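Going from the sequence shown to my numbering is simple: count from 1 and add 54.
In case anyone wonders, no lab produced these hints; they're calculated from the structure.
Note that the coordinates shown come from a computational prediction; the quantities given were computed from them, not determined experimentally.
Certain hints may be false.
Below 30 Å or equal to it, Euclidean Cα-Cα: the simulated DSS-like pairs (lysine-lysine) are [claimed, not checked]:
id, residue 1, residue 2
1, K200, K155
2, K87, K62
3, K172, K159
4, K118, K200
5, K172, K87
6, K118, K62
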Amino acid sequence: MSGQKHPKELRDLTASPLTGITVALTDESDLFKWVVTMEGPAGSPYAGGVFTLNITLPPTYPFKAPTVTFATKIYHPNISNDNPPNSGTMCLGMLKDSEWKPSTKMSAVLEFARQLLKEPNPDDAVEAKIAEQYRDDRAAYEREAKEWVKRYASNSSPGNNKK
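Modelling step: build the complete structure from the supplied sequences, incorporating the hints.
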């Protein structure tokens, strides 16, 4: 283990959770794999949805960025809808090797991820067609995103939070 930053960060995030976000270990014996439950932000097409994210910290964390993926299917220009292993991959600038800083806290990563749900960045998209729709027909984009929330991220969805 390169740094000892993440056990403290995990304690902080579980003791004082961020609004709409809960964090836990995927397996109590592995400090490098976290599971996050994130509520869709109010005022976004994802409001009312509950999304599961998986975070994997590399052994060299905090010197290398974590991997953040959505386990819940989501209609979003910055989150991949590909088949595994790339499904749920998130395009978040701060997680790119060229932009990652060891001083970045996981709380900031999670807040940025939630903010990305509220304010997609079509100029840094992994789903080009969704980005184009977001730019050209926002109403259609929002309808489709809301439909996916109902289908995959609501408590009434069959197999909630599963792909």
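message: For a quick check of understanding: which of the numbered hints are violated here, in increasing order?
response: Hints 1, 4 contradicted; others consistent.
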